[in-house]
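Engineer: Okay, here's what each chain looks like letter by letter:
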Amino acid sequence: MEERLLEIKDLHVEYVTDEARVFAVNGLDLTVNRGETVGLVGETGAGKTTTALSVMRLLPDLVGRITRGSIILDGIDITRATEADMRLIRGEAVSMIFQDPMTSLNPVMTIGEQIAEVLHLHEKYDTKEEVEHRVDEILRLVGLPPERKGEYPHQFSGGMKQRVVIAIALACEPKLLLADEPTTALDVTIQAQVLQMVRELKEKLNTAMLLITHDLGVVAQTCDRVGIMYAGEIVELGTAEQIFQKDERHHPYTVGLFGSIPDLTRKTRRLSPIEGLMPDPTDLPPGCRFHTRCPHRMPVCEVESPRPSYNGGHLIRCHIWDDRRCSQ
Amino acid sequence: MTRPLVETRDLKKYFRTPRGWLHAVDGVNLTISRGQTLGVVGESGCGKSTLGRVILRLLEATGGEVLYDGENILTYKQDKMIEMRKKMQIIFQDPYASLNPRMSVSEIIAEPIKVCKTIAGRKAIEDKVYEMMDTVGLARRFVNTYPHELDGGRRQRIGIARALALDPEFIVCDEPVSALDVSIQAQILNLMMDLQEERGLTYMFVSHDLSVVKHISNDIAVMYLGQCVERTQSDELFDNPLHPYTQALLAAIPVPDLSARNRPQNIIRGEVTSPVNPKPGCRFAARCPKVRPECSVEDIGLKEVSPGHFVACILY
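Top line first, the protein sequences correspond to chains L and S. Quick note on numbering: this note's numbering labels position 274 of the first sequence as 315, and the sequence is numbered without any gaps. Quick note on numbering: this note's numbering labels position 284 of the second sequence as 927, and the sequence is numbered without any gaps.
Same shape as in the complex, but just chain L (with noise of 0.2 Å):
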C-alpha cells in the first residue's frame, strides 16, 4: 500500500532582491508516500531548507516565491491554499523541525505553554486540564519528564530543547514531518539518542517524515528512500539501497559527496573531494548544473540540462547514464 501523502511538481522558487534574483529551487519533482522517510541530501545552498519552506508556505513575504510548480498535501494544493488554510494545515497536516534547537523556541514562555499553544490554536481539547494532560502525554513521549514542564528553555540542555521542538511538532500528530537537519546542532551521542527517539515515534505514531540533511550517516540509518540534492534540483533519487550501493550507477556528484568523506572501515590516504565551488545561484550555469565541477564533462552537457533517466525507479539526471543518448 502506497499512498501519496505528498507530491511536489517541477517546483521553482526565487528569492528577490534589489540586487539579484536568487534560483534556489529549479523544477523539482519529489513524493513522499504515508508512513515513509525520505531523505533530502545536499550541501550549503542547494535548496533544502527553502524546499522544506516551501511546502510550510513559510517563505519569506515579499523576498521569496513559489514562481511554478504544485505542492500537493493530502489532496490541497499548497500552492493555491490562502493563509486561513494554511494556518489549520501548519501543525496538524504538517509541521516542521528547524535545524537549531537554540533559536526556535520563545525564551519567555515555558516549554509547557508552548506545546499547549499549539493544542488551542488547533482547537484540539475543550478543557484546560485536557490540554494539560495531552502537554504532560507529550513530554513523556519525546522522553522529557512531565514535571519539568514550567520550566523555560534555557534551563535545559541543546538535546533536550530539541526534545521540546520534536514535541510541538508532533503535538497534533501530523501526518507529515519536515526535519530540518534536526540533529546538526547536537553531540554525536545526543545525536543517536535523539535519531531512535525519532525512528521510534515514526513507527509508533506511522508519520511521513522528510529529513533534510547534509550527513550521510544519517541518511544511512534513517531513510527509505534519498534525493541528492544540487542547485536547486534533484540529481539522484533511489531507494537507500540504491543510493548506497557502490556498484550501482551513480550521478558524479552522488560519487564526489561519498569520495569527500573519510570511511571508517577502510585506510586511504587521500580523499577525492570535488574540485571546485557550488555555482553562484544568481547566475547558474547553462546545461547541467554540475558540468563547471563534474570529472566526466561532455561538449553536451555544457549546453542541454539532462533529462531523468530512470532504472527501476532509480532516478538520475546525467547524460553518462542517459540510455536513449547512449543508444544513438
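Calculated directly from the structure, the hints in this document are not laboratory data. Built from N, CA and C at the ideal position, the CB exists for glycine as well. Any given hint could be a false lead.
Claimed, not checked - Capping the alpha-carbon separation at 16 Å, the derived lysine to aspartate or glutamate pairs in EDC-like fashion look like this: (1) Lys287/L to Asp900/S; (2) Lys308/L to Asp878/S; (3) Lys308/L to Glu879/S.
Stated by the list, open to error - Simulated coverage check for chain S against chain L, where a stretch passes if three residues somewhere in it have a Cβ under 8 Å from a Cβ of chain L: (4) 826 to 833; (5) 890 to 897.
As the list claims (entries may be wrong) - Short, incomplete list of chain L residues facing chain S, as computed with Cβ under 10 Å: (6) Leu100; (7) Pro101; (8) Val104; (9) Gly191; (10) Thr230; (11) Gln232; (12) His255; (13) Ile302; (14) Pro303; (15) Thr306; (16) Arg310; (17) Ser313.
Start from chain L and add chain S according to the hints.
Structural biologist: Showing chain S alone in chain L's frame:
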C-alpha cells in the same frame, strides 16, 4: 624512543564561575611526536579547545607543565614567549569569525610576519604573502579582497596561510573543517595533509568528528569532561576501544553504510554532567553502563594496558 616535540604533564585549567571552579582541563598528560598528528576528540564542553589554547599559552594554565622540545614553556617570560610563537601557531574553527573583516587577505597573511618581524622590507613581505597563497591554493587575484567576499573554504585557506606565514613547526588545528561543507572539507583536509608531508609539520587536531580525526591522525586522545580517558594509536582505538565512553562514542557515529543499519544500538543514556566542582572519581561514572561503586572513590589516572595504549578506567 626520541623526545616528543610537545608534551603536557598534569596540565590543568580551571575557570572561576559564580557556582565554583569549572574544571575545563583537569590533569591532562599527552605527547606529540615530531611530524605526527595527535587527534583530540570529545563532545562539546569536554575542554578540547581549551586544551589547545593552554598549550599555546593563549590561556594561562592553572597548573602542570607544557614541555616544548623538552623545555617547560609555561615559565617563559614574555620576550622569550614571542620567540616561541614563531614555532607554534593555531588554525581556528570558524573562518567567518577568526578573520578581521576590515583587513584584506594580504594584510591578514602579513600580520604575523610584521608582528614577529621575521622578514623585513615591503617587497620581501609581499613575496612571502604570494608564496603562502600559492602554498594553500588561493589564487593570487584574491590578494586585495576582504574576507566577506570569499566563501568558507577560501577563508579557511587564508587562516591556514596566516598560520604558516611564520614557518611554524607545530600547529594546533581547532576544528578547522567543521564549519565547511563536506566537499570543501575534503579539499582542506587534503591540503593540510600535503602541507604536513612537505614541511614536516606537527599537528594537534581538535575535532568532534571521529571520522575526520581518524583520517588525519596517527594517535588519538579521547576527552571527557576535562580529562583524557583514552589515548592510543589511531587504528588501535577504532579496532580495540577500551574505555566505555570511547565505545559509546564510536557506536554513536552514524555510518554511511546500510549494513550498519540494523545493528543493535548501544546508545548511552543521559547527558554530560556539569564540569563545575566535579565529584572525585571517573567523570563518566554517571552515564557508564559498567559503573561500579569503586568508580566514584578517587580520580583514575591513565594506565598503559598494552604498549602505547593508555586508558583511564578501573576495569583495566
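Engineer: Now tell me, hint by hint, if it's right for this structure.
Structural biologist: Taking the hints in turn, this is what the structure says about them:
1. Lys287/L to Asp900/S: 10 Å, holds
2. Lys308/L to Asp878/S: 9 Å, holds
3. Lys308/L to Glu879/S: 13 Å, holds
4. 826 to 833: holds (count 7)
5. 890 to 897: It holds: at least three residues are needed, and the stretch 890 to 897 of chain S offers 6 whose Cβ sits within less than 8 Å of chain L.
6. Leu100: Interface hint status for Leu100/L: violated (23 Å vs cutoff 10 Å).
7. Pro101: This interface hint is violated because 22 Å lies over the 10 Å limit.
8. Val104: Violated, because the Cβ-Cβ distance from Val104/L to chain S comes to roughly 21 Å (cut-off 10 Å).
9. Gly191: Status violated, d = 20 Å.
10. Thr230: Cβ of Thr230/L sits 5 Å from chain S, so the hint holds.
11. Gln232: 7 Å, holds
12. His255: 6 Å, holds
13. Ile302: Cβ of Ile302/L sits 6 Å from chain S, so the hint holds.
14. Pro303: At about 4 Å, which falls below the 10 Å cut-off, the nearest Cβ of chain S leaves the hint on Pro303/L intact, so it holds.
15. Thr306: 7 Å, holds
16. Arg310: 8 Å, holds
17. Ser313: At about 7 Å, which falls below the 10 Å cut-off, the nearest Cβ of chain S leaves the hint on Ser313/L intact, so it holds.
The structure fails hints 6, 7, 8, 9 (numbered hints given earlier, in ascending order).
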